[in-house]
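Residue numbers (this note's numbering), protein chains in the order written: chain F, 946 to 1223; chain B, 946 to 1223.
It is possible that part of the hints are untrue.
You can't tell identical chains apart in this list, so a pair holds if it fits in one copy or across any two.
[Unchecked claim] Okay, derived cross-link-like pairs now, DSSO-like style, lysine-lysine, Cα gap no bigger than 30 Å in a straight line: (1) Lys1058 to Lys1150; (2) Lys1111 to Lys1213; (3) Lys1129 to Lys1058; (4) Lys1150 to Lys957; (5) Lys970 to Lys1111.
Derived from the structure by calculation, the hints contain no laboratory data.
2 protein chains.
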Amino acid sequence: MNRLCVHTITTKPLTLQQCLLEFPKRGVSGITIWRQMLEGCDLAQVKRQTLGAGLELVSLCRGGFFPAATASGRQIAIDDNLLAIEQAHAIGAPLIVLVCGAIPGQSLTESRKQIADGLAAILPVAEQAGVKLAIEPLHPMYADDRSAVNTMRQAHEICDVLGSPKLLGIAVDVYHVWWDPELKGQIDLAGRTGRLHAFHICDWKTPTIDLLNDRGLMDEGCINIRLISDWVDATGFTGHREVEIFSHRWWATDQAKFLDEISTSYAKLYDDDVKVNL
Amino acid sequence: MNRLCVHTITTKPLTLQQCLLEFPKRGVSGITIWRQMLEGCDLAQVKRQTLGAGLELVSLCRGGFFPAATASGRQIAIDDNLLAIEQAHAIGAPLIVLVCGAIPGQSLTESRKQIADGLAAILPVAEQAGVKLAIEPLHPMYADDRSAVNTMRQAHEICDVLGSPKLLGIAVDVYHVWWDPELKGQIDLAGRTGRLHAFHICDWKTPTIDLLNDRGLMDEGCINIRLISDWVDATGFTGHREVEIFSHRWWATDQAKFLDEISTSYAKLYDDDVKVNL
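I would like the entire structure built from these sequences, with the hints used as guidance.
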């Protein structure tokens, strides 16, 4: 088994069934399912089908979005995260990735407090379900309305504040953190503290023409993905490298060919991950 | 005299002559001139005209862009910065704002080293000319090709490495640094070390539809500009608040009306800056 995982959002035009069929053909060994794919699905069947396709279910994307202007808004967010835990448990996903949320105009400090409160509310249920949670620090350009957690340091601080529960960790996505001068030290720390729960890859294009949906395939941009990857592995991390690409450009192309490109690009980047059979 | 300054790039469709005519009508007391406006101009005349218009010349934008793939490329950058110092001296601008530069694919650490080397090369000339320099930390979304200096902490580190020359400081632009959890502490430090050379304002819109040219007028976005402004003033800073807005949307409107909006927005934000006479 190689360590290549693809997020269903990466091949957004494909149905879950198509992902389950197409991913393994390219040597993809893991899948991260985005929640919108589960709408109206029999979750037990999703679990069976994923296993049947020979894919390891790496994580469920995404929970979070805890901050809200009102207490009732924050309760709705908590309820949605509890639902996500149920879904993850039902499909056999060991981990939920959290995009923590932010409210434009609300101070980031207050949003981070609400994020910690929201996490505290769902942690016991996650523990009971045996589902891990990963805070994904988001690039500072998403600090307005997507996440008040913009560095690994802040993610660590939230884990600390909550008493370092074992199941709470961090998802490292190179797109969000590649610029951070503290990155190596914070990855090391995540390793030492058992918090390195997930590793996402894609690339930063120059120019980037859309804040949300113009991510690049590995090697299309300026991120030294392999270097960051090596830092991650040096902590003892042996999990999947998850290809998570939001791209209007790639979504507009033939997704089978895009998957070919992903495999090729992955194999080039990780030529020592010899078990890729294309 | 109030503390309102406008950058010529903010009203990009206007000529320098139009800026000199229109800015004072709205109670603007300071001007920051962008270098492209100086092309083909008699610099001594620019100096006289600016003074004649009753405007304080706050700074010249912009120098920097020190990193390059080759030694000759870095020398061209140094030469261009030396020219900027000459220009600043000639028009009577006490300060040059530096967008420090970055090369896609070159490590940010290497780019920061090249930035420090470039600064070291121009500092003696700047000192001789009596022109101050301000490193402007740019938002991490510009780390690919605009600046490897993305936080105030990094700007301080470069000042430290160069032996803290008095004329070298930092330009704080709320757009670039508002998300930084260390912001208040780093502003305090800039105050204590005499490095707080300039303060730029605008707003972060939600959604932001263009990475470069979709900045908001104050109060159009989520930045708590007044809070950051108060932190800046608490250090003893009494300089101008410089309105620097890159916006296709605003540039497409009537610039006289836009200047009215800037004045109104400024007066609302700084209702204690009583010398605004609109």
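Cross-check of the supplied hints:
no. : hint               : verdict
1   : Lys1058 to Lys1150 : between (33 Å within a copy, 23 Å between copies)
2   : Lys1111 to Lys1213 : neither (35 Å within a copy, 49 Å between copies)
3   : Lys1129 to Lys1058 : both (26 Å within a copy, 18 Å between copies)
4   : Lys1150 to Lys957  : both (20 Å within a copy, 27 Å between copies)
5   : Lys970 to Lys1111  : neither (35 Å within a copy, 62 Å between copies)
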